[in-house]
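Student: As you go down the protein sequences, you meet chains H and W in turn. Read left to right, the first sequence gives residues 1 to 470 (our numbering). Read left to right, the second sequence gives residues 1001 to 1313 (our numbering).
Honestly, the hints are just simulated from the structure, not real lab data. A few of these clues could be false.
Stated by the list, open to error - The following label-pair restraints were derived from C-beta to C-beta distances:
(1) S337(H) with F1291(W): 28 to 38 Å
(2) R1002(W) with I45(H): 43 to 53 Å
(3) Y261(H) with Q1288(W): 50 to 60 Å
(4) I1257(W) with Q379(H): 19 to 29 Å
(5) N1022(W) with N351(H): 53 to 63 Å
No residue lacks a Cβ here, since even glycine has one placed at the ideal position from N, Cα and C.
One-letter residues, chain by chain:
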Amino acid sequence: MSVGLFQVLNMASRAMDTQQAGIEVTGQNLSNVNNPNYSRQVLNISTSPSVATNIGIEGTGVQATGIQQIVSQVVNTQIQAENSASSYWQTQQQALQSAQADLGQQVTSASSNSGDSSQGIASALSNFFNDLQTLSTEPNSLSERQVVLGDAGTLASQFNQVSQQLGSLTSQLNNQLQTDVTSANQLLTNIASLNKQIAAAQINTNSSPNDLLDEREEDIENLANLTNISVTPETNSTVNISIGGVQMVSGDNVTDTMQVYDAGGGQMLVQAATAGTALTLTGGSIAGEIDARDGPVATLSGGLNTLATQIIDAVNAVHKTGYSLTGSTNALFFTGSNASDIAVNQALVNNPALLQASGVAGDTGDNTIALQMAQLANQINTGLNNQTFSQAYDGTVATLGQSLSSTDSEVGDQQTVQQMLQQQRSSISGVSLVEEMGNLSTYQNAYEASAHLMSTVDQMLQALLGIQTS
Amino acid sequence: MRVASTTITNSMLYQMNQIEENQAQLENEATTGLAVQNPSDNPSAMRSILDLEAESSSVTQYQANITQLQQQASTGSSAMESLQTIAQSAGEIATEADGTASQPDLNNYATQVTQLIQEAAQAMNTQFEGNYLFGGTANNQPPYVVNQNSSGQVTSVDYQGNTTVPSAEIAEGVTLSVLPVGANTTGTGADGLITDSRTGADFFNHLISLQNNLLSGNTSAISATDLTNLQKDSDNITQQIATSGAVQQRMTAEAAIEQDRSASLSQLTSSQADADTAQVMEQLTQTQTAFQAAAQATAGFNDLTLSILNFLQ
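All chains, full assembly: derive it from the sequences and hints.
Tutor: The structure is reproduced here in structure tokens:
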């Protein structure tokens, strides 16, 4: 005996169910064609168990065995690592672009032609010392004194402004650091929660919870944007997450969290809250914020402070030995101690006659001190690595420029790497409309064929029933 | 390689972004004419530009200093030339006032000499931009004050200046003084235009002596002493005029050097900062062409996708 018509009806029914499942999976894929976090799914089908008949082993048709998510864990792991690297450099790039804008040192068309930069500390520095030169040719001129004091004020306020803006940038980076750490902790909680749901879904349904896996992968990649992570998959499809060598997520438990702490002097760093271990981070926006703040931004700020201090000390040391138009002496030219608080002595601003340009008491036509102050512009300073004020400033600007230029290159390289990896992942996990439309057509035709089979068997059964009744 | 539907779109968008980024950079260079604007554009070029600009700014200032000194020297020279004319006139009077001249003539000569003393004092009190040129660094008051008796004759001319001359920087580390002081009897330091113990010049006292000898009719003293002394004064003034001329020549030469240096620095700055306009325009055209091609390819891809869907319908 063969399997019989009823068995064939069942076969047609199972085939229609299978093709319908295929249509459903295709529909899910088509719906998510533009979802960047979606990994395409395929319907796994196999022949249903065959039966032994008198004419041999006969097949019973087809059955759906599962819905499989097409992913490459290798590519995903690479993307996570590259996300950390990209985010690290992009954060640095943004911070250094801000620092460069704060510094305000640009070359303009006019400056390249006339040789006189119209903005920035470089120009203010040149103007101040040039004014002193002019004063040395007219040491008792009140108007020239006013020019010197005016441009000295401009120089001081430019130092103050850049210093204040760099201070704001540092505060912004610290605030962003705190925000990112909070976000990272939230993501750790989410991942642990998703681990729990994934493990439960696998036990309860004995199938892969593909959408939850996509959701978790998205969270892991977002976490990788914030910091470099180590992801260890477990047999029950959960993952463990470690940051800086400290385990943060184990299965469905958040075993530790990240915490911002003051390492001293307001230097905000990150530690594991429970373990109390300082985390050494090498990637992600959190490390980018710390490294930009403590690296190029701090170097720029330090360079400007040292320069301002040297200018204050050098100019004051000469000025104090001079005599004003009223015969007074020993006054400071600049007050303050660094870029943040450098200012022109208000007494001189109020009365330019008090500027001490003369080297001889009562000799108002003497220009010794004005000339000595002017000549400071070309003096080598040991406190500035044997450079003049201008050279030290130009070096500071170039150092920042070099840092940003290198960062720009890193960002460019990372963009290329990420683009390639995304393409690779897309070729594995991305939805192809052409492919899905082909599948749709295939499943539709198969469904129609199965329906036709059912219809044919039905007609055969009707014919058979007709014989019995007649 | 399997191609997902978003792969082509994402790839095209990435490429178009890259092209647009290049285009923006090139357009910026084309409109500003600058290859370097920000430190990060080219850090080492930026450092050179800033160094060159600082140097150029110094050179401009040295040029301004030279101009200032040239104007001072020019004004001072005019005064010294007036003084030379006065010395010549005094010499002529001393020569003419020999034993053949009558006392009324000698008195007339004396009046002329008194007048010459006044003129010389006036020349020595020449100002430039409110400062007295021949008082050394004590330049806020007239260096010479003429004292007269009730008859109008000059009894003395007092020097109120000092022996320190102000100097200004005309090149890095090079300072220059352009004018002598009125009097220097110390035997060292700045030259004295009226009085200098090293040359024996003492113009005002010699003129006063001439005036007094004319009034007293002491013609022998005039010929024996005054003429000789006045010759020393004249020689000293001539020497100072020659020195001033040499200094002005040096400044003219220095100004020319600074002018060349300024032009050279400007050229160097330009070579570091300026964009190669022809090259930029060529690259811009290439980039624009690439962008158009990418845009057309994107549009073509859209048509392709539609045709497949239409076919399946």
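Student: A separate judgement is required for each hint: does it hold in the structure or not?
Tutor: Structure-based check of each hint:
no.	hint	verdict
1	S337(H) with F1291(W): 28 to 38 Å	53 Å, violated
2	R1002(W) with I45(H): 43 to 53 Å	20 Å, violated
3	Y261(H) with Q1288(W): 50 to 60 Å	53 Å, holds
4	I1257(W) with Q379(H): 19 to 29 Å	23 Å, holds
5	N1022(W) with N351(H): 53 to 63 Å	57 Å, holds
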